[in-house]
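Student: Residue-level listing of the chains:
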Amino acid sequence: MAHSMPASKHVARVRSSTPEAIRAAAAELDLGPRALLTVLVAEKGAPDLEGIVAALRDLDVEFFGGLFPGLIEGQSHVDEGALLIVQPSDTPPLLITGLHDADFEIPAIEPLDTTAFGTQTAFVLVDGLTANVSRLLAELHGRLGNTVHYVGGGAGSLSLVQRPCVFTRNGVYQDAAVVGFVARQSRFGVRHGWKQLAGPIVATRSHGNVVQELNWRNAYEVYAETIQPYLDEALTEDGFFDATKGFPFGIFKEGLEDVVRDPIAKGANGELLCVGEVPENAVLNILRGDRTSLIEAAALAAKDCLVGDPPTDPSVFVVDCVSRTLFLEDDFERELAVVGEHVAELGASAVPLGILSLGEISSHGQGLVEFFNKTIVIAVLHG
Amino acid sequence: MDEQSRVTEILRDLSVLYELSLAVGRSLELHENCDEFLRKVMARKSLAFASVWVRASQVPGAEDDAPGYRQVYANPAFRAPLASIGDDHPLVARVMREPSFSVAFGDAAFEDVVTEQGVDGGAFAIYRLGTTGFLKLYAIARPTAFSAIELSKLRHVVDQFAVSVDGCLDHARVRAAETRRRALERQMLQAQKLEGLGLLAGGIAHDFNNLLSVILGSVELARAGTDANGDAELDNVEEAASRAADLCSQLLAYAGGAHLATAIVDLSEVVLETMRLTAVTVSKKARMQQRLAQHLPAIEADRTQLLQVVMNLVTNASEALDEATGEVAVATGSIRVTARDLEGYHLGEARRPGEYVYLDVIDNGCGIDAATRERLFDPFFTTKFTGRGLGLAAVLGIVRSHRGAIRVASTPGQGTRVRVLFPAVNAEQPEPRAPLGTRADTARRGTILIVDDEDSVRRTLGRLVEAEGLDALVAAHGGEAVDVFRQRWREIDVVLLDLTMPVMGGEEAFAAMLEIDPRARVILMSGYTHLEGERLTNPRPAAFLAKPIRSRDLFDAIGQLLDERGTSRAR
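Going line by line, the protein sequences match chains H and R.
For the first sequence, the residue numbers in the working numbering are 27 to 409.
For the second sequence, the residue numbers in the working numbering are 164 to 734.
Rather than coming from a laboratory, the hints here were simulated on the basis of the structure.
Because the structure is a prediction, the values reported are computed rather than measured.
Hints are not guaranteed to be accurate.
Said to hold, decoys possible - Dumping the calculated BS3-like pairs for lysine-lysine here, alpha-carbon to alpha-carbon at most 27 Å:
| id | chain 1 | residue 1 | chain 2 | residue 2 |
| --- | --- | --- | --- | --- |
| 1 | H | Lys292 | H | Lys271 |
| 2 | H | Lys35 | H | Lys70 |
| 3 | H | Lys292 | H | Lys221 |
| 4 | H | Lys329 | H | Lys279 |
| 5 | H | Lys221 | R | Lys316 |
| 6 | H | Lys279 | R | Lys316 |
Stated by the list, open to error - DEER-style ranges, computed between Cβ atoms:
| id | chain 1 | residue 1 | chain 2 | residue 2 | range |
| --- | --- | --- | --- | --- | --- |
| 7 | R | Asp250 | H | Val333 | 36 to 44 Å |
| 8 | H | Asn244 | R | Ser310 | 34 to 42 Å |
| 9 | R | Thr307 | H | Glu131 | 34 to 42 Å |
Virtual Cβ for every residue (Gly too), placed ideally from N, Cα, C.
Work out the full structure, taking the sequences as your base and the hints as a guide.
Tutor: If you want it as structure tokens, here you go:
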């Protein structure tokens, strides 16, 4: 059974994530000749992604999607079911595989028509637990630059166990990314609300998403020394994830908020495993946040999207880091409420829909495309 | 800003500069070097675009006096399709005036610096890169120009980057020079090949023209009837034609394509025979010495060609003695040769180490300088005032076709030593090839079908055949021959069939004739080599004759077939 929210032939919220339910809901949508169907599936209940792809393949529509820890629906979030969004597109989704290999290749991309639709929007869904995400984004930017605005996030399971999690009509993939090109313009708000606690610190030795040394010393020792005074209990290996979720790294970026990197585990030799790459010799800060600063940041991100002339036919897409739900706990609904209150001024159609992700993607609408952690990205699509 | 904040900011700036400086010079490849550095700059400084321009004259592969500047790196590349600007571009003038500057959208000079697409806002920071070019950085969302302090913060690391760009360009120039040098070498080799080919063609033309002059002159004299019998002119024609045939034989030897009538041969015996033959032709000043090994391992060789090799080397050695009295020594022996020993030899097909039989021809004459040694085996190359020919080129061809090797060692003023190696074989003497036939009976009767696309060849062979009392039929190509054969095969005793002809070649015609009469007696002819005819094993012709054909060989072959005809008819 499909319930649309809001009542629209372009969006469907499906309570069940069975292939049959998703196909039935998709069939009721307005799948015109330019339709691109985005299929966002929540991870609870171990959905059969292969079955979903097979079921949707019967429909005469291009589609792409991914599996996520949760979905955003208005001012609440859910961890089961699926969200179907139909948007106009003139370019088939792009599939990039083999991201675990540093020599991965991006297929040829046709130049996008910017004359008819202005700057288009690229929805980038990537396996959040793969390597080389930053390089992927740099390569995409090198090919397309700012002819598109980028929004998206890391797919996968909150268990942090990697599995095939992004898909197109050709199949379901691990270590891959799918990019849907939507012929609509967009505005962005990108904020996280984490503040500098200590720094600058130089990541004097790192490889990919593993930080081995900070300031020429063992990474864990430096990190532990810095955050220990702010912890109620001694930092231990077992309690590492819970204790450190409030103390991420920030990669310095002049004039903007730091790009957050979440240390999620400690290695046997004191190296720190992060979500996302930390370039060697990058200048880092250790950040700290509280519930208030994070929710205020979400409100600011929403406000950033409202700057400028009133958009025509707006819709709102939110990519919020799943770690913010863990940090904010019950207050996470407050964050969504704040966002909903601000974007409500865009009209009834601007109900926030989106994903809880393992890493967030945005170009700030302007400079290089970045892979963030612990951040909220709000996109207002219009035109 | 309080003191603590100021210290933190300086620390952060220093840390960023540390990161950026470590990203400089990571590669000698220009694009990679730029990419490593500028991606970092863009990430840390929140930039949307960066590009590097260098003087066109310094771009690898460009002309030394190429004007203007070329963009050698852009990120993202799509934004900057404009690849070059002239020296008169206002951006160049500004870069020449100021080592670094910034302009923002709305400034009067903003349009002067825009070389990219889709720029309708933001600000540029532009740095001169030493004397090489300049760097453009662009922040799309920035409403104001970069301040002097912001520009200064990057100045030193950009200077460092400029040095690395120079290094990359130098590296590329060195590589380009190396590539050019190799290309020149290839061109020179090609030119030498063409020169050699020209020498070969010129030499052949020269020698053949001389011989043709003799033939044509003699024919005219014979027609004019100055000699009652015309015998002297005919002798001249025969001699000239014979020399032409020799020249062709040498050419084939040079090409390594001459027919090898191989047999098991004792090299020392061949040398002895040659020494007897050359006794009258070598210079009287030469004291000949022989050091010939007995019981040499056998070699598989064409005796006639071996004679040619020995004769050529001995003649050359005696001529090297010039006006002085000197010594020519000829030695044979066997030797086990390693791969290292084979270095410095001109090699045949087999380059394997192993047991070889050698021939040494040593003189203490004038010697050969290095430049001459380089060209010693070029066809028609000679240092003598008189005499042109294939000499050593033919020797090399023969040695190669025998899977042998040859080396020339020489010191000007002291003498020369030529060593030829032939692979030793351990084989029993093969059965000698049975002769095709003997001209025992000239009073035979029969009809010969002569097939050749050359009218003169048909005419000559026809007259020869008729002079022997035989009947001749002619055809100009395979198709015509098959038609004639189909109509008159019962009366045709022997077919003389050329291999290479238009319309239908000899091979196809031969097969067609066998379909008409499976016992057709066909002699194949060719102006190329025996090998061409001998590759035809199924069906195999009755005989093969290589042009030019001597009448004795022709009638030996025809005679044998006519005899066989008689035998088979008798049955």
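Student: Take a quick look at whether Lys221/H and Lys316/R sit within 27 Å of each other, Cα to Cα.
Tutor: Holds: Lys221/H and Lys316/R sit about 25 Å apart, inside 27 Å.
Student: Has the given pair, Lys292/H with Lys271/H, been kept, meaning a C-alpha gap of at most 27 Å?
Tutor: Roughly 13 Å between the alpha carbons, so the hint for Lys292/H and Lys271/H holds.
Student: Holds or violated: Lys279/H and Lys316/R, Cα atoms, limit 27 Å.
Tutor: 15 Å, holds
Student: Does Lys292/H pair with Lys221/H here, judged by a C-alpha cut-off of 27 Å?
Tutor: 23 Å, holds
Student: Under the criterion that the straight-line Cα-Cα distance not exceed 27 Å, is the pair Lys35/H, Lys70/H satisfied?
Tutor: Roughly 26 Å between the alpha carbons, so the hint for Lys35/H and Lys70/H holds.
Student: Is the Cα-Cα distance between Lys329/H and Lys279/H 27 Å or less?
Tutor: 21 Å, holds
Student: Quick one: are Asp250/R and Val333/H within 36 to 44 Å, going by C-beta?
Tutor: For Asp250/R and Val333/H the Cβ distance comes to about 43 Å; the hint holds.
Student: Go ahead and decide if the range 34 to 42 Å is satisfied by the Cβ distance of Asn244/H to Ser310/R.
Tutor: Holds: the Cβ-Cβ distance is about 39 Å, inside 34 to 42 Å.
Student: Do the Cβ positions of Thr307/R and Glu131/H conform to the proposed distance bound of 34 to 42 Å?
Tutor: 40 Å Cβ-Cβ, so the 34 to 42 Å window holds.
Of the numbered hints listed earlier, not one is contradicted by the structure.
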